[in-house]
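Trainee: Residue numbers (our numbering), protein chains in the order written: chain A, 915 to 1270; chain B, 915 to 1270; chain C, 915 to 1270; chain D, 915 to 1270.
Worth flagging that the hints you see were computed from the coordinates, not collected in a lab.
Some clues are possibly wrong.
Note that identical chains are pooled: a pair holds if it fits in a single copy or bridges any two copies.
Stated by the list, open to error - Straight-line alpha carbon distances no greater than 25 angstroms define the calculated SDA-like cross-link-like pairs of lysine to any residue that follow: (1) 1063 / 1085; (2) 1075 / 1169; (3) 1170 / 1114; (4) 1185 / 1127; (5) 1075 / 1165; (6) 1103 / 953; (7) 1170 / 1099; (8) 1231 / 1091; (9) 989 / 960; (10) 1170 / 966; (11) 1185 / 1087; (12) 1223 / 1112; (13) 1063 / 1079; (14) 1109 / 1180; (15) 974 / 1026; (16) 1233 / 952; (17) 1063 / 953; (18) 1223 / 1113; (19) 989 / 1015; (20) 1170 / 1077; (21) 1185 / 1231; (22) 989 / 1000; (23) 1075 / 1009; (24) 1170 / 1074.
What you are looking at is a predicted structure, and each value in this text was computed from that prediction instead of being measured.
Protein chains: 4
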Amino acid sequence: MAGNSFGNLFKLSTFGESHGAAIGGVLDGCPSGIEIDFDAVQNELNRRKPGQSAIVTQRKEPDTVEFYSGIFEGKTTGTPIGFAIHNTNQKSHDYTHIKDSYRPSHADYVYDQKYGFRDYRGGGRSSARETASRVVAGAIAKQFLSEMKINAYVSQVGNMKMGTPYQELDFSLIESNPVRCPDPEMAAKMEAYIKEVRGEGDTIGGIITCVMQNVPIGLGEPAFDKLHAELGKAMLSINAVKGFEYGSGFAGVAMKGSEHNDQFNQDGTTKTNNSGGIQGGISNGMDIYFNVAFKPVATIIQPYQTIDKDGNFVQTKGKGRHDPCVVPRAVPIVEAMAALVMADFRLLNRTIKVNS
Amino acid sequence: MAGNSFGNLFKLSTFGESHGAAIGGVLDGCPSGIEIDFDAVQNELNRRKPGQSAIVTQRKEPDTVEFYSGIFEGKTTGTPIGFAIHNTNQKSHDYTHIKDSYRPSHADYVYDQKYGFRDYRGGGRSSARETASRVVAGAIAKQFLSEMKINAYVSQVGNMKMGTPYQELDFSLIESNPVRCPDPEMAAKMEAYIKEVRGEGDTIGGIITCVMQNVPIGLGEPAFDKLHAELGKAMLSINAVKGFEYGSGFAGVAMKGSEHNDQFNQDGTTKTNNSGGIQGGISNGMDIYFNVAFKPVATIIQPYQTIDKDGNFVQTKGKGRHDPCVVPRAVPIVEAMAALVMADFRLLNRTIKVNS
Amino acid sequence: MAGNSFGNLFKLSTFGESHGAAIGGVLDGCPSGIEIDFDAVQNELNRRKPGQSAIVTQRKEPDTVEFYSGIFEGKTTGTPIGFAIHNTNQKSHDYTHIKDSYRPSHADYVYDQKYGFRDYRGGGRSSARETASRVVAGAIAKQFLSEMKINAYVSQVGNMKMGTPYQELDFSLIESNPVRCPDPEMAAKMEAYIKEVRGEGDTIGGIITCVMQNVPIGLGEPAFDKLHAELGKAMLSINAVKGFEYGSGFAGVAMKGSEHNDQFNQDGTTKTNNSGGIQGGISNGMDIYFNVAFKPVATIIQPYQTIDKDGNFVQTKGKGRHDPCVVPRAVPIVEAMAALVMADFRLLNRTIKVNS
Amino acid sequence: MAGNSFGNLFKLSTFGESHGAAIGGVLDGCPSGIEIDFDAVQNELNRRKPGQSAIVTQRKEPDTVEFYSGIFEGKTTGTPIGFAIHNTNQKSHDYTHIKDSYRPSHADYVYDQKYGFRDYRGGGRSSARETASRVVAGAIAKQFLSEMKINAYVSQVGNMKMGTPYQELDFSLIESNPVRCPDPEMAAKMEAYIKEVRGEGDTIGGIITCVMQNVPIGLGEPAFDKLHAELGKAMLSINAVKGFEYGSGFAGVAMKGSEHNDQFNQDGTTKTNNSGGIQGGISNGMDIYFNVAFKPVATIIQPYQTIDKDGNFVQTKGKGRHDPCVVPRAVPIVEAMAALVMADFRLLNRTIKVNS
């Protein structure tokens, strides 16, 4: 309700501004007895962190998470897991130019309207830095959901779209390149394109595809809390996301029912999977797959005109260290949010079956 | 959490199966003192009800809502509004053929897996009949939000896509044709196409566009409960929806930041509106617009093979009275869910401003 | 949040005013496959209903519940259970005298202050009539919790206090007298006293004790959602309740730790049970017992002075048909709320053990 | 739902074990623009902290809170306030004796039953150390509710009961003695008695009375979320609490309606206040007052028998540094929880009036 919690039974509450003392969160409801692989958690943070490659922001944040509670002798205790990531590399002076003016297509203006004032440094709470807390919690959710496989990857950058269906991809190639596209040839082109865009001081959007396999049957609730509705909300809550589709998605609009319907095999699996693993809001045991559309990052390193608090036009220019394209770093965020949704429904579900 | 409630401060809980005694709901949190226009409520139900035109299901349900509480001397009292719509035209014998078998791409199979058994008549709880309760609550939400204008319309059926941007449309034409497309020429083509598809015993998908105008600034919460994330969840919770996009949406992926960014006017409005009226999850006072993708209805009047409870293949054929295309009747549902989201945030918001 | 729902996983939302068309509710989250004993549900309503004996209000309401959904072929389906009780015996003209004046110690005044106006007939939403919906839901909760025994009874009326500890009582005697006190001798005295008070046009308070046996170990959550905190909230949400204590309760204040501590037996049970079956907010498998204090009903059949909307003093006199003492009819309400709390925690708990 | 959050609009989520790295929380929903008096926050923590006087535990914890977010240039920003208190004085070796055995009337046994294992050091999550996080959040709530006066004090220790009604007390005397009883003579007796009990290695219970003044009219919701029901839950969620009563409380049971009813003055205030400032679950602008009963602390410094994990009897003796009587340190906790409840309802309420 207050807006900074996600989930019900497996619930994450986050706090923190881009340039405050720390960001972090409380993960409540994680079952007891899960052995935590701390390296795996840090590895997820490393996939998200700035400075990891030439095509992401060159800001350097070590992004080291400290756990304060809920884990004892290496295992979860069933009590809330409190954690923090201290901010160490805030260059707040980079942001004094936006103290009194509003960057176009950022949240600066609406924050001032809603709250009366704002922590302007680095975008404050509206910065995607908040998602580091989600990645920590998502990494724990993944360990809880160890039987499930959750893989996200970049399938489009600008107009460059990978045509290969996910079934033909080798997910182990996702981490083989800085774009996180499992088609190495396409990845190379995307990388070159992102560098070109960066050279212009500009930015570009992209699409992340996420695939969840080995999903139990029966997750999701019939009416409002449909599985794909929660997944959609989760994805749309990530900074810069403009759209979500699952299964046949927007393309399904142009299909006829006779072609779209997924015929059954005798074991309850289906021959096709236009449903995207979800029927009536409930998982059917088939692969769940969806696409998440990201707009181009708003901060561009070009001169632009904007307004200040008093409604005067001012000329300015983007500064700071920003991403020319957000999707490579957003891959672990998509996976984290997907894992949080699945963990919540996994706890809610009382009787589950897995296609074997 | 239990899955059949939507909203927090302006909260709807629904109940009811397609062929049970009644469907209905409890709308809790509606402020006191709102004069209810009962005709307007019934009118919204009429827009959704079956049998209203030649291109929707010919089932006849009067869909008359009875209010049980929360309204006194014509005005809301601030206490929960209980209501029911009695089911009067259940032809349950139409459904005995699906008692023991699963219709492809319906929820039959997953309900049996999740709950052990199901009310198979008419799809039970998974039927879109449940959305009539949403329309009732949404009609009241609209009356609470009287200063806001919420208009949805059909912008695509199959591959037939209306090109006109919403700014150039006359919304008063939406109800002038059974498709609910405000472009009369395109509407005629869509109508003919839907009839053709129905003649084949088949179904087709479509897209509904929704536009919200005169929206207060400051609605939406920063992190997880972003305004568009809640709108996305709301839309994805409607039967047959496969995708949601707002503002520039999926097309924004291919844009550069320099082109996508919305430049400010001196009064805080923006010259363009790729943001779709929402920045950082918070309304900025510009028009909010979004698209909702609907798949083709799964029930087709053609022979098909499926499986029964024991995993045997059975040959069957769709019966009953179904919609060849769901979007004309879904227009008031999209508006209702949009209104429920806005009413909830409207109550949550403490200080609001409207662009005048 | 909106105030008319209780529980999270096993969640009841109620609606209805005393003299509106109907009261009722939606019970969401009830597991599927429970065979509903409708007679048992009606029996609980009968225990609560007016006119059942000489010491309760002589209003006649048949209080027949209609189920609208969520039950198919006699069993719960896992979908929301919608139900209503139509109001048939409203004598609203009894209440015109309070339309513009405020009865002392009733909610009339605060409703007008909070909502601007109110449905004054019979107290509207503030009437204890709302609790009939709780009794319906509680009756279903009891059937879900069939292994648990939940018994409430009247242990005090005015200063007449039954001394016998619950362990020595025969709960089958509770229904043997109109007071619902399992000590027949004391019950007779209480009954005579209530009649005497009624004869004076006055009212008197009382205490209900509730005992829950065969409770699984592990129900309740550590910090805020302690089992006894939810039980306390549940009881305090019943009309006219002024206090709640469990285990040693207020008397425990004067005990020393050496005397209060419950020593263990080897099987994990305890020799004494000052803890009241709950330690650290979590059930330990011992009997849970608690007391609920009810104030005297505010409506007295005596002349009194009060104020009207404009702050003028007016002389008036209670009318209508009211209870001289609320506790006999509140016994099934206490049991219902206790059952709702236990059902919610029962669903939340993942691994449970029962003392055998 | 997951159990470690309190409130809806003004929501606290806490984390932390007694001897973990840190305790803390996230306070979400605090309005923007509140100037935080950090000294006042620390002062509340000091009132709760161990080692503050001769009659509380001699453990030394500086209990210094660090704020991580949500406050910028001394004012709240409207975003979540993350904070932590690092644990510095854990003497965990004091607790190895309870690693495999269960202290009577502690949560040790039920934690092992519920979670399979536990952080046994200092009681882990079940320790009252968690309440320091509540005190931090409550101190901020108090600053938000600056027009309201919230005062709690010790009114009973063992059988020593202060007779003076709160109206005749000078609340400025509460902090004048280590017991926090505003009657200096009674305070001296209580202090001597607590020392005597401590000398026996024993513990004793007590009662805290809380008074809230200058409360807006209209706080609280009609059915389940009655103001006193939430206050009751809040108080019962504090460690060692066994009972709650408000207004006339348990004593009201023996009163007649004619005597209990609060007659109106012409301005809507009442001549008496048996209602305790709440009618029908909604504040009426009169003082709210309630009592909270605390049992004697379970840890006694005497030899006792208990069982180990395998059900063997073991002889042991309380160690560590414990409170002989919990109520002096619990006074700020009661105030904090009261403030959290009021802040939540204050945000929920839409139209409020204050008696002037």
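Trainee: With reference to the structure, classify each hint as holding or not holding.
Mentor: Against the structure, the hints:
1. 1063 / 1085: within (11 angstroms within a copy, 46 angstroms between copies)
2. 1075 / 1169: both (21 angstroms within a copy, 14 angstroms between copies)
3. 1170 / 1114: between (44 angstroms within a copy, 10 angstroms between copies)
4. 1185 / 1127: within (16 angstroms within a copy, 44 angstroms between copies)
5. 1075 / 1165: both (15 angstroms within a copy, 13 angstroms between copies)
6. 1103 / 953: neither (32 angstroms within a copy, 58 angstroms between copies)
7. 1170 / 1099: So residue 1170 and residue 1099 pass the 25 angstroms test across copies only (23 angstroms; inside, 34 angstroms).
8. 1231 / 1091: Answer is neither; intra-copy 31 angstroms and inter-copy 50 angstroms both fail.
9. 989 / 960: within (22 angstroms within a copy, 33 angstroms between copies)
10. 1170 / 966: This pair counts as between: shortest inter-copy Cα distance 23 angstroms, intra-copy 45 angstroms.
11. 1185 / 1087: Cα proximity of residue 1185 and residue 1087: none, with 27 angstroms in one copy and 43 angstroms across.
12. 1223 / 1112: For residue 1223 and residue 1112, the Cα distance exceeds 25 angstroms both inside one copy (30 angstroms) and across copies (57 angstroms).
13. 1063 / 1079: Answer is within; shortest intra-copy Cα gap is 17 angstroms, inter-copy 41 angstroms.
14. 1109 / 1180: Neither: 50 angstroms inside a copy, 34 angstroms across copies.
15. 974 / 1026: neither (29 angstroms within a copy, 43 angstroms between copies)
16. 1233 / 952: neither (35 angstroms within a copy, 34 angstroms between copies)
17. 1063 / 953: Close inside one copy (18 angstroms), not across copies (48 angstroms); limit 25 angstroms.
18. 1223 / 1113: Neither. Shortest intra-copy (31 angstroms) and inter-copy (60 angstroms) distances fail the 25 angstroms Cα cut-off.
19. 989 / 1015: between (48 angstroms within a copy, 20 angstroms between copies)
20. 1170 / 1077: So residue 1170 and residue 1077 pass the 25 angstroms test inside a copy (22 angstroms) and across (22 angstroms) alike.
21. 1185 / 1231: between (54 angstroms within a copy, 19 angstroms between copies)
22. 989 / 1000: both (23 angstroms within a copy, 21 angstroms between copies)
23. 1075 / 1009: neither (35 angstroms within a copy, 44 angstroms between copies)
24. 1170 / 1074: Between copies only: 13 angstroms across chains, 28 angstroms inside a chain, cut-off 25 angstroms.
Checked against the numbered hints listed earlier, the structure breaks hints 6, 8, 11, 12, 14, 15, 16, 18 and 23; every other hint is satisfied.
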